[in-house]
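Colleague: Please build the complex by placing chain V on the supplied structure of chain Z, with the hints as guidance.
Protein sequence lines, in the order shown, are assigned to chains Z and V. Numbers in my numbering are just positions in the first sequence, counted from 1, shifted up by 1197. Numbers in my numbering are just positions in the second sequence, counted from 1, shifted up by 27.
If you are wondering where the hints come from, they were derived from the structure by calculation, not from laboratory data. For every residue, glycine included, the Cβ atom is placed at its ideal position computed from N, Cα and C. It is possible that some hints are incorrect.
Residues from chain Z shown here face chain V by an in silico Cβ test under 10 angstroms; the list is partial [unchecked claim]:
1. 1329
2. 1331
3. 1354
Which bits of chain V does chain Z cover? Going by a derived footprint, with three or more residues having C-beta under 8 angstroms, they are [to be verified]:
4. 41-47
5. 90-98
6. 140-150
7. 159-168
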Amino acid sequence: MIIVTVGMQLGFDRLIAAMDDLAPSLGMPVIAQTGKGTYAPRNMEARVKIAPAEFEALVGEARLIVAHAGIGTVLTAARCAKPILLMPRRADLQEHRNDHQMATVGKLAGRPGILVAKDESELPARIAEGLAVTDWAAVQSPTARSLHGALAAFIENRPL
Amino acid sequence: MANDTIRVLAVASGGGHWEQLMLLRPTLAQYDIRFATTEPAVAAQHGIAKVDSLPDCNQNKPVQSALCALVALWIVLKHRPRVILSTGAAPGFFCILAGRLIGARTLWIDSVANGEELSMCGKLSKRFAHQCWTQWEHLAGPASPRYHGAVL
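Bound-form chain Z, shown alone (with noise of 0.2 angstroms):
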């Protein structure tokens, strides 16, 4: 099963209709979770928003989580060891305030279990090559490596 999100605040139609246009290929039911958006699925189960034990739930069965770029998405993905594929909303097509999300994915793209498309062409390829993650639950990222021995450093009152 493939999860798609958008958070709670925002729609973002250009990515619930390029994975409703996707769906029917994919082989796996695809749950779409579809926030403030006006475009209505055919292909995909689409809910307006979900509980959080819900999602958590749903989470825990996907293969792959689809997202906008949204930290706290991502963050449920890390807790949960998902992979998750990135789309950051764009502010020139007044998906967003600013173009925030295209920063995060730039600074994100290349972590373990994160991929990015930077817009829906790349989908159908990122879909691929998330789906073909089957266990990077044990590959910590560098980054977080260093912060969890930062942290017990600084417990210990050992030098950083």
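Modeller: Just chain V, lined up with the frame of chain Z:
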């Protein structure tokens, strides 16, 4: 001194702040760890039954902030931790302030969501916490905030 005798209080508000604290949990679990949050139900979901509850607050709500500061002080006095750390937001900052009163060593880890500038509590923590860390290398300063990596 054995790690599991070092008492640590870790504080985060619900949502993304708490998610980041949970990502640090494998390291925190080595110590005598105590958690506090604004959403204890979410902590229970993560299998943390014993958690202290803090009222949520922000700089626009002075009455709630005052109440939160009192609860933070009570929690800190109850546990008397040697180390207090927070990934945000205001309730965690109040716990750090309370920690200064009892001589705890305090650490603010600014949220990975703040990739453009430090949060307001992060800026205050540069002065009031022993250490303030950003999770974005380009935001690190010569002395503070320091950069030591990120949860992601």
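Colleague: Confirm or reject each hint.
Modeller: A quick look at each hint next to the structure:
1. 1329: Violated - the Cβ of residue 1329(Z) stays beyond 10 angstroms from chain V, reaching only about 21 angstroms at its closest.
2. 1331: Violated, about 20 angstroms.
3. 1354: Residue 1354(Z) check passes; min Cβ-Cβ to chain V is 7 angstroms, inside 10 angstroms.
4. 41-47: holds (count 4)
5. 90-98: violated (count 0)
6. 140-150: holds (count 3)
7. 159-168: It holds, with 3 qualifying residues against the three required.
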